[in-house]
Amino acid sequence: MKNPLAFPVRYEEGVILVLDETALPFAEEYIPIRTLDEAVMVLKEMKTRAFGQVLLYFYTCVLTQDIMGTARVFQQTRPTFDFYGLAGMLAEVTKRAGDIKAAVERIVSAFEEKRRQRARQVAEILPADAHVLTICHVSGEMVYIAEAIQAMQKRICVYVSETRPYLQGTRLTFWELNRAGVPAKLLCDNQAAWLMHTGRINAVITGSDRSNQKGDIINKVGTYALALLARHYHIPVYVLIQRPAEMDLRKVQIEERPEKEVFMWLKKRNKWPPAVYPAFDFTPAELITGWFDIEGKVRKK
Amino acid sequence: MRLDEITRLSLIWGVPAEFKGLKGKFLLVPEMRPYLLGLSLCEELKTHGCPHVYVTDNMLGYLFFKGKIKETLLFYLERRTAEIKGISGSLYVTLLSKLHQVPVYFCPGKKPDIVNDKHAGTLDGRSFVEDEKSVIWPEEEIIKI
Chain A
1 MKNPLAFPVR YEEGVILVLD ETALPFAEEY IPIRTLDEAV MVLKEMKTRA
51 FGQVLLYFYT CVLTQDIMGT ARVFQQTRPT FDFYGLAGML AEVTKRAGDI
101 KAAVERIVSA FEEKRRQRAR QVAEILPADA HVLTICHVSG EMVYIAEAIQ
151 AMQKRICVYV SETRPYLQGT RLTFWELNRA GVPAKLLCDN QAAWLMHTGR
201 INAVITGSDR SNQKGDIINK VGTYALALLA RHYHIPVYVL IQRPAEMDLR
251 KVQIEERPEK EVFMWLKKRN KWPPAVYPAF DFTPAELITG WFDIEGKVRK
301 K
Chain B
302 MRLDEITRLS LIWGVPAEFK GLKGKFLLVP EMRPYLLGLS LCEELKTHGC
352 PHVYVTDNML GYLFFKGKIK ETLLFYLERR TAEIKGISGS LYVTLLSKLH
402 QVPVYFCPGK KPDIVNDKHA GTLDGRSFVE DEKSVIWPEE EIIKI
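Residue numbers (our numbering), protein chains in the order written: chain A, 1 to 301; chain B, 302 to 446.
Keep in mind the hints are simulated off the structure, nothing from the lab. Among the hints, a few may not be true.
[Stated by the list, open to error] In silico DSS-like pairs for lysine-lysine, Cα to Cα no more than 27 Å straight-line:
1. Lys399(B) / Lys411(B)
2. Lys326(B) / Lys367(B)
3. Lys367(B) / Lys44(A)
4. Lys154(A) / Lys434(B)
5. Lys434(B) / Lys267(A)
6. Lys347(B) / Lys260(A)
7. Lys434(B) / Lys271(A)
8. Lys251(A) / Lys301(A)
9. Lys251(A) / Lys367(B)
10. Lys114(A) / Lys297(A)
11. Lys434(B) / Lys419(B)
12. Lys371(B) / Lys412(B)
13. Lys386(B) / Lys445(B)
14. Lys399(B) / Lys301(A)
15. Lys386(B) / Lys271(A)
16. Lys386(B) / Lys324(B)
17. Lys271(A) / Lys411(B)
So here's chain A without its partners, still in its complex pose (with noise of 0.2 Å):
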């Protein structure tokens, strides 16, 4: 069965497809897009993420044809995401391509094969029965990963943390290993120390929004918890990157939203408390083991 949420964002006909990955894993819907100002809502509603938000910037730039003003939207937008970073790289390809259509083209047809080959890459390095802890979700690339694994003979069950309180972990992790019929275990955000402490995870694995030459990352909040207690536990973390940029990630602001959203999926209620709602957190390079970037680079302690 085709994954969805592997490519959640397609482009048809001068439309863009965006998958409402809040509607899962109840119901599997998209939302046409034809707009700067849509793409920037179903953006700020968080329809779509991680890479569904790469997608959707490269095809709006497909129907805005302006690269740093999508850019410069987006960015306010999603202020921890490096929206420049990737316009930088469309404008590049843009120049050899000869327009930005092909351009998009050329660098998503590009994207399931560097993906695959990152998945074989993580593969290798993992142990023949690999109990592997994760949180949020990293667009399919899990599942990537447990075929590659399962194709060199090696076992994997992937322990998937909710990740509260928009339950990527959940509803989209998960449900798609569950889909692919990869072994999964779903936890409570607060259960992961005590499965490591009892000897049930061997390694973790978490994706980036982004990441430094020097090795540090941006994640979904949570991220930082998981490398911390790894380390403790002398559990190796790996972390899948794009392309690494060449400046201080602890300047970078941590995108912190509505606290309303801190209570979704919860019945409704007369009053919410007082919350915070920080969205990502920073985990340094040294809590980090091995980096594996979408160009094929691989770098390991």
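Starting from the known structure of chain A, arrange chain B on it as the hints suggest.
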């Protein structure tokens, strides 16, 4: 509320047996999945006039990293000479505290009332999984003190 507005928080984990010692503290109340104990605890804190702020459990690491937490109050279920038994997540919170040099105070707690959710497969009574066999059930966690 914004992160800039909060500082010198006292993190609560577990259900306090009494509220007397909490007066005068700015309390950080995590959700405490799967039971969502944080929600009912916030209601009780409000009636006792204790200022508080709510977060999901996975945000705690970032708050420690940012130096927002000055102490952890872990309300245990049972205490023996050299160890305590706490609800799910007690080890997560204890280790994060210790790894950030934040003191942990072990205090008597009480067993939570489990209303809807028994594991990660449901949230506020709503089921997100087809087969609960693939869900890790929470365990009471033992911590050496």
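Each hint, compared with the structure:
| no. | hint | verdict |
| --- | --- | --- |
| 1 | Lys399(B) / Lys411(B) | 23 Å, holds |
| 2 | Lys326(B) / Lys367(B) | 19 Å, holds |
| 3 | Lys367(B) / Lys44(A) | 26 Å, holds |
| 4 | Lys154(A) / Lys434(B) | 23 Å, holds |
| 5 | Lys434(B) / Lys267(A) | 25 Å, holds |
| 6 | Lys347(B) / Lys260(A) | 18 Å, holds |
| 7 | Lys434(B) / Lys271(A) | 34 Å, violated |
| 8 | Lys251(A) / Lys301(A) | 25 Å, holds |
| 9 | Lys251(A) / Lys367(B) | 13 Å, holds |
| 10 | Lys114(A) / Lys297(A) | 11 Å, holds |
| 11 | Lys434(B) / Lys419(B) | 13 Å, holds |
| 12 | Lys371(B) / Lys412(B) | 26 Å, holds |
| 13 | Lys386(B) / Lys445(B) | 9 Å, holds |
| 14 | Lys399(B) / Lys301(A) | 26 Å, holds |
| 15 | Lys386(B) / Lys271(A) | 33 Å, violated |
| 16 | Lys386(B) / Lys324(B) | 25 Å, holds |
| 17 | Lys271(A) / Lys411(B) | 25 Å, holds |
The earlier numbered hints that this structure contradicts are 7, 15.
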